[in-house]
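Chemist: All chains, full assembly: derive it from the sequences and hints.
In case you want the letters, here they are:
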Amino acid sequence: MQLKRHPQSIRAALAAATCTVLAQPLEATAQTASDEGTWDIQSGILFYDEGDRIQVIEPVVDASKTLEDGSLLTLRAVVDTVTGASPNGASASDTVQTFTSPSGNSTYTAAIGETPMRNVEDVRVAFSGEWEKELTRMVRNTLGGGISNETDFLSLSISDTIKLDVNNRQTTLAAGLGLTLDNVSPSGGTPVEMQLLSAPSSGVGGDETKNSVELMLGVTQILSPRTLTQLNYTMSHSSGYLTDPYKILSVVDGTSGSTLDYRYEKRPDSRTSNILNWRLNHQLNEDVIYLGYRYFTDDWGINAHTVDLKYRSELGNGLYLQPHLRLYQQSAADFYHHSLVAGTTVPENASADLRLAEMDSTTIGLKLGMPLAGGDFTVRIEHMTQEGESSPANAIGVQQNYDLYPTLDANIIQFGYHFEF
Amino acid sequence: MPTSSSLVITSSSDATALAVAQRELKAAPGGDYWVGRFAAMASPCELLLEVSARNEAQRLLDIAADEAQRIEKKYSRYRKANLIHRINHAEGARVEVDEETTRLLDYADQLYRLSEGLFDITAGVLRRVWHFEAGAPFPEASEVVQCLQHIGWQKVRWKAPHITLPAGMELDLGGIGKEYAVDRTAALLAAETDSSFVINFGGDLFINKPRRDGNPWQVAVDDPDASGRHHVGAVGISSGALATSGDARRHLLHNGRRYGHILNPQTGWPVENAPRSITIHAGSCMEAGMLATIAMLQGAAAEEFLQAQGLPYWLID
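Which chain is which? The protein sequence lines are A and B, in order.
The first sequence maps to residues 1256 to 1676 in the working numbering.
The second sequence maps to residues 1435 to 1751 in the working numbering.
Treat the hints as calculated values from the structure; they're not laboratory data.
Where hints are given, some of them may not hold.
[As the list claims (entries may be wrong)] Simulated DEER-style distance windows between Cβ atoms:
| id | chain 1 | residue 1 | chain 2 | residue 2 | range |
| --- | --- | --- | --- | --- | --- |
| 1 | B | Gly1602 | A | Leu1576 | 21 to 31 Å |
| 2 | B | Gly1551 | A | Ile1636 | 44 to 54 Å |
| 3 | B | Ala1524 | A | Ala1318 | 14 to 24 Å |
| 4 | B | Asp1540 | A | Leu1627 | 29 to 39 Å |
| 5 | A | Leu1582 | B | Thr1598 | 49 to 59 Å |
| 6 | B | Phe1572 | A | Thr1482 | 36 to 46 Å |
Since the structure is predicted, the reported quantities are computational estimates derived from the model, not experimental observations.
Ideal Cβ placement from N, Cα and C applies to all residues, glycine included.
Modeler: Printed below as a string of structure tokens:
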């Protein structure tokens, strides 16, 4: 038989213990919602592979921390290692094609019927930072800056964004301004724009510069506790050297289509783009739908539409699967030509860069996320197909036998790990 | 390849925006005080404020909601990448905790002693086998025994500021968190205003002082048979905290016996013959809440335990 004890009063002891636990200084914890003193780290590595073209390995580290005054500091470091071959702009032809760099120190060839590719090897190192601070209870300011460097390219950027919460904090208005200064120093010198490659070298130029200004206006609206929508408008204006110094165009015979010569490309010295970006995030019971649409238009004649859909499916225990579908379509720049015809007027601007051509691109992917060793691990696999006009109507002679827009297939795998310390 | 900077509103601020936007502020019917509402810690939270200006009410509401959401973010075991998650997934490794957590763990340690092992923040593991939704299966005795191996505060190595949890064990501060949030918020608001206020986080509440006209706030005590629809009665509270343990909607019927949702961490089984609900009035919400929980854990001896404490209480059998 168990002895029945008389219940004791624990009230006094409990009151004393409660006093102690509540004796914590108020400001120390009340200021901010995030754990002070800890760094929030998002690390990742991305492998991008275009098969017989470009491969990119890109490790990234993002570190953010709430500072003592409640402001949020985010630092980012990225290293891109790019290797492989990239189309140089010249078309496939019925002869073996040999190319020499502007300075003449290196040559490469393309076999009959093959799209000429230039070897690419570069390492880009970039650092950037952002500092978000509450100016008043409803106004936040984010100051950002970055530097990016590769062998032939240096970029400096600075930006500032102000966000204002209004309408009982159901609406956030944002306005931002960004400036970017770039310096291009092509390996082998800057070629003379639109010059024939066969012309006697009139000397290669030195460094070139490019400046960009970007203005962003945005509104984020809470539609319901589970639905958020955002509309951003961005206007970007670039001026200076916008040409790609490594890209050329084939000059072909007007009847046979055979390649006779090549010209360096030339792009307009300014570009103004207008971009509308809309997205909607909606949470179902557990799952989340992310829907986005982007419209891009610029004074180069490019109009592009992007639809992006992701569905985050929660599997329990922190595990989730997120399928992704992205559809992209763009029209060609006004000065895009797959090649130039010998004996016709040389246009003021011309480029055969496939990225300026009419094209469609489809990306499908799947991301898996799971808790791992106190953090979150993600792996993302994506496949992108980019297709353009392989057999354009204006192909001449032998050009009709060749693929003037080789389909690009790229595979992406990215590993990410998010943790705090 | 040149890449230009691009200005976007990041998703992290969206998350903040979402949390912040779910705060609602309205004048009370009659207009003599403000009612602020938001959700935190899986509960509807309410704030009654006897201030005149809407701006002032909004400012106080933001302070309260920020604090409740801060505590939720830091201590919820449903969130990833917070301290509790780190402790619970350390797989037997030592984890260093901050000062606030140190105080809470010390508090939990004292509760364990004062309740003679009945109040145990490692008992959350039992939720893996006990489900109190309608139609949920009753666990096998072997499953419960399996769980018990991973329960017991005495198995935790706690020497501030380091905690070491044997692998498979979990901490759950859910039994303390809401009451702690009420008391912390009360202290924050008291430092900001002289006006009378009521903090009500999912039924755990605190009142700082009588209303402007000297009257107490009227608080309704829920009828567990018709929770949210019928009140057993209203009680006037001028100051102090009320907290309730027990929830008539969450129980299991098995072989004709009724099992409440309060689990005994020593047996792994629901406490038998416990009252359906206990509400205590004390100086702080933590005292009221912890006493109500410990009283529930006494089962049939709950009322005797409550009488020994000498605090006002409402017990529903």
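Chemist: Next, verify each hint and record whether it holds.
Modeler: Each hint tested on the structure:
1. B:Gly1602 <-> A:Leu1576: 21 to 31 Å: Check passed, 27 Å falls within 21 to 31 Å.
2. B:Gly1551 <-> A:Ile1636: 44 to 54 Å: holds, 50 Å
3. B:Ala1524 <-> A:Ala1318: 14 to 24 Å: Since the Cβ atoms of B:Ala1524 and A:Ala1318 sit about 22 Å apart, the hinted range of 14 to 24 Å holds.
4. B:Asp1540 <-> A:Leu1627: 29 to 39 Å: Taking Cβ atoms as reference, B:Asp1540 and A:Leu1627 lie about 30 Å apart, which means the hint holds.
5. A:Leu1582 <-> B:Thr1598: 49 to 59 Å: holds, 51 Å
6. B:Phe1572 <-> A:Thr1482: 36 to 46 Å: holds, 39 Å
The structure agrees with every numbered hint stated previously.
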